[in-house]
Amino acid sequence: MRWSSAFIPTLRDAPADAEAVSHKLLVRAGFIRQLHAGHYSLLPMGLRVHEKVAQIVREEMNSIGGQEFLLPAMHPASLWKQSGRWDVMGDDMFRLQDRGGTDLALGMTHEEVFSHLATSLHSYKELPQLWYQIQMKFRDEQRPKSGLLRVREFAMKDSYSFDLEDSGLDRAFEAHHDAYVRIFERMGLNAMPVQASSGAMGGTASVEFMVPSPAGEDDVLVCDSCGYRANVERGTSQLEEVLDEDDGTTLERFPTPGVRSIADLAGLESQALAVQQIKTMVMVLDGELTLALLRGDHQLNLQKLQDSTGAIEVRPATTEETLEALGAAPGSLGAVGVEKIRVLADLALQGRFNMFTGANEDDWHLRGVSVEADISVSEWTDLREVEEGEACIDCGALLSVVRCIEAGHIFKLGRKYAESMGISVLDADGKAQIPTMGSYGIGIGRAVAAIAENHHDEAGLVWPMSVAPFHMLITVLDVDDRTSMRIAEKAETAFRAAGLDVLVDDRDARPGVKFADAELVGIPFRLTIGARNLEKGQIEFTPRSTGDTQMLDLDECIEAALKNVRSTK
RNA sequence: CGGGCUGUGGCGCAGUUUGGUUAGCGCACUGGUCUGGGGGACCAGGGGUCGGAGGUUCAAAUCCUCUCAGCCCGACCA
Numbered sequence: 025m026r027w028s029s030a031f032i033p034t035l036r037d038a039p040a041d042a043e044a045v046s047h048k049l050l051v052r053a054g055f056i057r058q059l060h061a062g063h064y065s066l067l068p069m070g071l072r073v074h075e076k077v078a079q080i081v082r083e084e085m086n087s088i089g090g091q092e093f094l095l096p097a098m099h100p101a102s103l104w105k106q107s108g109r110w111d112v113m114g115d116d117m118f119r120l121q122d123r124g125g126t127d128l129a130l131g132m133t134h135e136e137v138f139s140h141l142a143t144s145l146h147s148y149k150e151l152p153q154l155w156y157q158i159q160m161k162f163r164d165e166q167r168p169k170s171g172l173l174r175v176r177e178f179a180m181k182d183s184y185s186f187d188l189e190d191s192g193l194d195r196a197f198e199a200h201h202d203a204y205v206r207i208f209e210r211m212g213l214n215a216m217p218v219q220a221s222s223g224a225m226g227g228t229a230s231v232e233f234m235v236p237s238p239a240g241e242d243d244v245l246v247c248d249s250c251g252y253r254a255n256v257e258r259g260t261s262q263l264e265e266v267l268d269e270d271d272g273t274t275l276e277r278f279p280t281p282g283v284r285s286i287a288d289l290a291g292l293e294s295q296a297l298a299v300q301q302i303k304t305m306v307m308v309l310d311g312e313l314t315l316a317l318l319r320g321d322h323q324l325n326l327q328k329l330q331d332s333t334g335a336i337e338v339r340p341a342t343t344e345e346t347l348e349a350l351g352a353a354p355g356s357l358g359a360v361g362v363e364k365i366r367v368l369a370d371l372a373l374q375g376r377f378n379m380f381t382g383a384n385e386d387d388w389h390l391r392g393v394s395v396e397a398d399i400s401v402s403e404w405t406d407l408r409e410v411e412e413g414e415a416c417i418d419c420g421a422l423l424s425v426v427r428c429i430e431a432g433h434i435f436k437l438g439r440k441y442a443e444s445m446g447i448s449v450l451d452a453d454g455k456a457q458i459p460t461m462g463s464y465g466i467g468i469g470r471a472v473a474a475i476a477e478n479h480h481d482e483a484g485l486v487w488p489m490s491v492a493p494f495h496m497l498i499t500v501l502d503v504d505d506r507t508s509m510r511i512a513e514k515a516e517t518a519f520r521a522a523g524l525d526v527l528v529d530d531r532d533a534r535p536g537v538k539f540a541d542a543e544l545v546g547i548p549f550r551l552t553i554g555a556r557n558l559e560k561g562q563i564e565f566t567p568r569s570t571g572d573t574q575m576l577d578l579d580e581c582i583e584a585a586l587k588n589v590r591s592t593k
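Taking the numbering used here, the leading residue of the first sequence gets 25, the next gets one more, and so forth.
Honestly, the hints are just simulated from the structure, not real lab data.
A virtual CB, placed ideally from N, CA and C, is assigned to each residue, including glycine.
Some hints could be false.
[Stated by the list, open to error] Derived pair list, reagent style DSS-like, types lysine-lysine, alpha-carbon separation capped at 30 Å:
no., residue 1, residue 2
1, K161, K440
2, K149, K455
3, K105, K440
4, K105, K161
5, K105, K455
6, K455, K440
7, K514, K455
8, K440, K149
9, K161, K48
10, K587, K560
[Unchecked claim] Quick list of the computed label-pair ranges, beta carbon to beta carbon:
no., residue 1, residue 2, range
11, S28, A421, 51 to 61 Å
12, G311, D37, 42 to 52 Å
13, S591, N86, 53 to 63 Å
14, N214, S591, 41 to 51 Å
15, D525, V338, 30 to 40 Å
16, S424, V266, 20 to 30 Å
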């Protein structure tokens, strides 16, 4: 490929609205261009990387017995109604109607369609099956952001396993786990498997593959000592037990003028440390007003609340709703004496007494609250978000919190979808059995962005060989020099014969421009042909990652470069 | 969904408060001369009607109304 005829629109400045490094660089280097919020065009360079990532995924999926499909992106609503997710998916699903008024949806995922196909399975002899595709998904994200990291239309590899027995599902899950480890390793991503929430899909085991990056949107608890890794939406820790002094204090109202927060109350009353307070959060779960109680110094994790209740829509109550339900404004809320409202309490409040909480009257609080005696707790559950520095649940060492990009997610669905979608096979005894399913995803575009996040420097992108748009860049400094061009062509032919993707920068531009573009675009190796060195019989060879240029003798430069490339591959 | 900010050539921006000639700058682009190993210089050019619609006015990028779009933060600390 000749740069002079390639479409690689590099930019000196990043668009003003780009924030994430990958976003800036992918746009500047001419890999992607935004069409609309959450919708990006892949330009030729971007598509090359995208395809290479997809190919790695494909190869590893095939290696564990996956069969590739290509399913429609647009689905009839009926299919989603059958699984029950037409309603569950809410506003995240793009919906439309055809001319006849039939409801349709753009697929956010393909459990339904694959399950529908799986109704053609009739015998246990046909199991297990492992099906996958790489197809566009559509999600009406509330807030697309960070270039390719969070978009509304994206290619995703999704696979589904069908097994008769739970042990088969375990094997499919493990196979995916190992395949994902290989996939991310091959594309240069340091992805760690992490315990995760299963979300609204239900299911048991759930593991996310997380790539550390400041551009990520997930926080992961990491224990360097024992290897514990969990998303904060799921992870727990050992909490130091609080021994409340049993000084016989009984429930008592006391005035707290102007107190509106945990900190205010702690400042007013020396006994009312945050640890001694009950934080009362008013939430609305699928329209039902619910109180979530936490220790004053703890924070609610919405996903945990959602997971423990199975609620679809979770939001904080408005001040009006709160006033109407409890009779007080936020700042003086409490659950003491509340009977008609569902009360969820975090496990850290179990057995606590002599605590402080709001009295449900503005400017009044209660002291001497015994959680179990004074509050009608409907359910005890884990609601709080673990913070950095807490003790690892497994080994007690200090946990750190690492910001990550979710690059992959595997989980066991169980029989829920198979059942609702009507999949069943006859077992060896001739009895109908519902197969158990697993669901496994990798976002291709997000992987591209994650690689860019992890492989760049001040000058630009630094692609790993495995996903580089081109492996070798031949920069010709003196395009009008016959000898230079002839050598470039010879090298190009030789490299291509060796299986490399080669780009020749034959633009009539100043060297500075070419070098700057070369570094921005991030092709792993560069051969620089300049008349000056040519006279000395030499050519330069520069790996993008180190920038260390070595001089090669003209007559052996091709072999020497290839040797170098192979040793890095 | 709440809050904030922003829409002016391909990209980055100024001009808007205090309406007033042909709407300006840098980069990019075209032609030319020179230059030729890290985004070079000079000369000459092309391209926008100021997100959209409506309104006020002799006159609107600038004021008013509506609308569309984009970005950031928040949507846990009651």
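Checked hints:
1. K161 with K440: holds (22 Å)
2. K149 with K455: Distance of about 13 Å is within 30 Å: holds.
3. K105 with K440: holds (14 Å)
4. K105 with K161: The given pair, whose Cα atoms are some 18 Å apart, holds under the 30 Å limit.
5. K105 with K455: holds (28 Å)
6. K455 with K440: Within the cut-off at roughly 19 Å; holds.
7. K514 with K455: Measuring from Cα to Cα gives roughly 68 Å; hence the hint is violated.
8. K440 with K149: Answer holds: K440 to K149 is near 21 Å, not above 30 Å.
9. K161 with K48: With a Cα-Cα distance of about 24 Å, the restraint between K161 and K48 holds, given a limit of 30 Å.
10. K587 with K560: holds (22 Å)
11. S28 with A421: 51 to 61 Å: holds (57 Å)
12. G311 with D37: 42 to 52 Å: With Cβ atoms ~48 Å apart, the hint holds.
13. S591 with N86: 53 to 63 Å: violated (28 Å)
14. N214 with S591: 41 to 51 Å: Taking Cβ atoms as reference, N214 and S591 lie about 22 Å apart, which means the hint is violated.
15. D525 with V338: 30 to 40 Å: Since the Cβ atoms of D525 and V338 sit about 48 Å apart, the hinted range of 30 to 40 Å is violated.
16. S424 with V266: 20 to 30 Å: holds (24 Å)
Hints 7, 13, 14 and 15, counting from the list given before, are not met by this structure.
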